[in-house]
Amino acid sequence: MSARRGELRVIGQPLQKVDAAARVTGVAVYADDLNLPRMLHCRILRSPHPHARILSVDASAARRIPGVKAVLTGHDLPIRFGILPVSQDERALEAEKVRYVGDPVAAVAAVDEEIAAAALDAIRVEYEVLEPVMSIEEALREPAHEPIHDRAYTRRPFNVHRQLSYDFGDVEAGFARADHVREDVFFYQGNTHLPMEQHSAVATYIDGRLTLWTSTQVVHYVHRALAKVLELPLNRIRVIGAAHGGGFGGKTDPFAHEIIVSKMAMVSGRPVKCTLTREEVFYAHRGRHPVLMWIKTGVTSEGRITAMHYRSALDGGAYGSYGAASAFYTGTLQTTTYDIPAYRFDSVRVFTNKAPCGPKRGHGTPQGRFGVELHLEKIAHDLGMDPVELKQKNFVKPFTRAVNWLRVTSCGLEECTQKVLDAAGYLGRERREGHGMGFAISSYMSGAGTAIYWNDMAHSEVQLKVDRTGVTAYCGAMDIGQGSDSVLAFVVAEELGLTPADVRLVTADTDTTPVDLGSYSSRVTFMAGNAALEAARKMRNLLVEAVAEKRGLGGDLPADLRDTIEVRDGRIGDFSFEEACVLATARFGALSTTGSYRPPRIGGPFKGSGVGPSPAYSYSACVVDVDADARSGLLTVNRVWIAHDVGRAINPLLVVGQVEGSVYMGLGEALMEEQSYRKGRHKWPSMLEYKSPTFLDTPEIETFIIETVDPEGPYGAKEAGQGPLLPVVPAVAAAVYDALGIWVDEIPITPEKILRALEARQKGQQARYGPKAFPAFDFGQPIRVEPPDPHDMRVGPELEEAFRA
Amino acid sequence: MLRLPRLRYLRPASPREASTAAADLGGRAMLVAGGTDLYPKLKRRQFDPDTLVGLSHLGELRVVRGDACGGFEVGALITLSDAAAHEALRAAHPGYAEAAGLVSSPPLRNVGTIGGNLCVDTRCNYYDMTYEWRKSIGFCMKKDGDICLVAPSSPRCWAVSSSDTAPVAIALGATALLTGPDGQRELPVAALYRDDGIEYLAKEPFEVLTALRLPPSDGVRSAYVKLRRRGSIDFPIAGAGVALRLEDGIVRWARIVLSGVGSHPVEAKAADEFLAGKGLTEEVTAEAAEVAARPAKPLDNADLAHFWRKRMVRVVVEQAIEKAAARA
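Those sequence lines, one after another, are chains A and B. Using the working numbering, you'd call the opening residue of the first sequence number 10 and step up by one each time. Using the working numbering, you'd call the opening residue of the second sequence number 23 and step up by one each time.
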């Protein structure tokens, strides 16, 4: 399914997004825009304590308030849910225990929001307050009262949620043959997605059928969670993805409010809406995990890596969410970025009494990227080598298999690097105190190789309907602003010789569209794109067949003859597209084709190999230019150059938009964003106090698109939505070192930390600010994995056969 | 979303009528002009009036009178955008106009007024939170509670004066015109404030601030430097308003006033005295800044580390002195 013959007419063009006009004119209907007749407004009562047992909930006074139509408490929704099958640890309303400030306890639906809010204030909840656990270090000790979650669920000591330990290749031998070994500790602070649109959901329940409009990235997983908690068959539930105002990973879990409005609609018989306040969005969170890292690497005197030992400890917050996968992601993709011949990877995720962490743009990988990039910079300085040169020596090569079995196909790291170094003038940069440049690279998945729940079905399905009225594409994919609807239209238009405006789209509606797993893990262009390509090519063949028959070419048309019939500019051979549709409908009956995509089995023969494999990896390289003032510690990012290997740009405008958005978000994480807590509470759950860069704080960003044409991506395309964030953060820290000669081994890099590092240097201490040590924790015996042949590119059944051999 | 409480909105015919109405209602009424400070705080239940006395329709307060020679009377309803862009004002008192132009963000400056900015509520990140958040952590003495969460042993509230325009106004020796039920009075802007996070204004709550009187320019140079995390939106975490008069390179007088470092605009009088009669060398400026920073008392209730903010006061004062001195 790689590049097709001939000239591309739609693919590669900087076309307008299909929904652009609706977005900028305010016509797009977001969930909160829905106002249905007799609709009730729902508000949720949340825990004021970070950790407490619920002794009693008395909602009787709330029920008596005029205008209150329904009140729910934990006993009404007892079934647990969670995005991962291994972490079914949430309840829509907690009945026994609360685990963070913001944990939902009760909910009210009333005729207006004011009454609902007043009713919340009338609900009496009696708590037995427990000592909260607010840090990784505390979570790795015996708790004062009781663990946050039952040990029957975690089956692990202290407040440990998950732990893992792997040995890929002979790590001891790798360190033994190193000429230089270095250890470093880093901390990546947690931060949140900050979408413009708060989460919002509206439910109706009529004739035994539930309909939910919601702002989600994963209609399919919300569908499944509703079925489970509400005990309804899937066929009685319809989930519709409303116009989306931004997710970035923050709307990738099923959420309590979605379940609550559904249940409210069922008990009240009226439509119910819940739109979270901005404060509640900070509590819904599922954002970047705070991660503490310890990295040890051996290198030869020439700078070749011989072995790496990488440890991460993730502060997971109160619930599992995607955490079991997040822990893997902090370490797994080191090997798709650098060629590491022997790799030990340990990770532990802990529960704390904070808003639950989960996937944010780059899911688990920016933390590791930050640590490893800076660690390699330091090793280069130890060796008296230019960091870029050391990194280049260790770049992963295209079409190789990593020591942890991840298969790398197309890889434009060299091209990306050359592009940004040249554009920035990195090697000839101006060297003066207070000015610096930093360089970093990254890789990221184009879709997870495995589904969230185990099954053998396709990850994305597309149906195409063509009749005398035109073309309609149906797909469960949810456009969260990244442009997945546009990509579907572009692919279908390309294959059928039409313009994107000729393609009607029906997406993200579980009643009418076939399943796509959702907008997460940068999977939609790759997977839905391939599914659309297959459906469109089948449709094209039907149309060509009918036209050929009309021209008397007839029957089973050989491929070379079929190719003589051109499909372009709204024509199929000598016929207009409409005429061709009439011919094909007359010939074949109702015209409908399907396409689907399932990634091949890629992962290695060991438990846990399902996290990390992807059918293709994108690559990025970035240079950041900064001025850093030694007196104030103030840091100004002047400019960012970034090159991204997207395989092929289906639409260069959308790719640049994704890259720029990633850079902006990365700069926010590097410089200021911080999900911080004080006295057990989120310190600043407001858009004013939680600092995120404005336009004025965002520098010029120069983006270069690198096209390596991946053999398995649609037209060779790979992802662009997440990977470009990754190199930005370490590049800023490296630039600070270049400017002032100090290391800030912790983000965000605030002026205070710069001053503290400078002071440390003045006092003759290490010229750095950052964590001192990694906490003691027994990771147990690592799972030992024999490395593959680095040239073994086999996938799917062939690979599985190799495991058996 | 957070909703406004149910409110009665009055539309009085004059400032005096407004003041009388507010006085009659006592604590149940609040005055409102642009509302950029008040409305979000009402949504967070930081105030609980049942009546708002609207001022924004009073056209007589939306006028700038006077000129550089005779001084200006700037109506309290002049928006911050208009004050920042007012040519004569900018030429005569660049520091004031620049302060107005640094408040918040363009949309809020288009609505927020200069009177509102002088009266802006003191801020604290234990206080500027929703009702639910404040209830969760335990209410503080500024609203609904009885202790100070940033300094629990303190008998007083340490919310931070966050007006960008007050420091320069005070440095310039500006006065405020107030209308009460019984008539008008004029007092120095410096006397408008009290060093208390709760009772931060020295005026009666029902007195209507109608205008700001700025003196003739008379060779006075002024500047305002604001420190905040981002290039827009944020309140000051340290700011310095400076007015000074130079004669033959010698400072005849200087006034330095700080924002964002105490519950009131902090006058750095020791630095003013230090500067008087001195030539503005780099060393003198640095020492003046050092002296000016001493009364600054940042606490852990605003953005960024307070140790760093304290240290930065020196830097912003130095920059403000240099900027003012460089102005013709």
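Some hints here could point you the wrong way.
Said to hold, decoys possible - Residues of chain A placed beyond 10 Å of chain B at every Cβ, according to the derived structure:
1. 58
2. 64
3. 120
4. 172
5. 207
6. 217
7. 303
8. 640
9. 694
10. 702
11. 764
12. 786
13. 788
To be verified - Covered by chain A, per the in silico footprint, the following chain B stretches (three or more residues, Cβ under 8 Å):
14. 150 to 157
15. 194 to 204
16. 233 to 243
17. 332 to 339
Said to hold, decoys possible - Quick list of the computed label-pair ranges, beta carbon to beta carbon:
18. B/26 <-> A/133: 55 to 61 Å
19. A/465 <-> B/26: 24 to 30 Å
20. A/146 <-> B/174: 37 to 43 Å
21. B/174 <-> A/153: 42 to 48 Å
22. A/146 <-> B/209: 51 to 57 Å
23. B/169 <-> A/137: 20 to 26 Å
24. A/18 <-> B/76: 55 to 61 Å
25. B/157 <-> A/508: 33 to 39 Å
26. B/210 <-> A/704: 51 to 57 Å
27. B/209 <-> A/35: 43 to 49 Å
28. B/26 <-> A/481: 53 to 59 Å
29. B/28 <-> A/464: 38 to 44 Å
30. B/291 <-> A/35: 50 to 56 Å
Read the hints as simulated data drawn from the structure, not as lab findings. This one's a predicted model, so the numbers in the text were calculated from it and none came from an experiment. Beta carbons: idealized from backbone N, C-alpha and C, even for Gly.
Out of the numbered hints, which ones does the structure contradict?
1, 5, 8, 9, 10, 11, 15, 16, 18, 19, 20, 21, 25, 26, 28, 29
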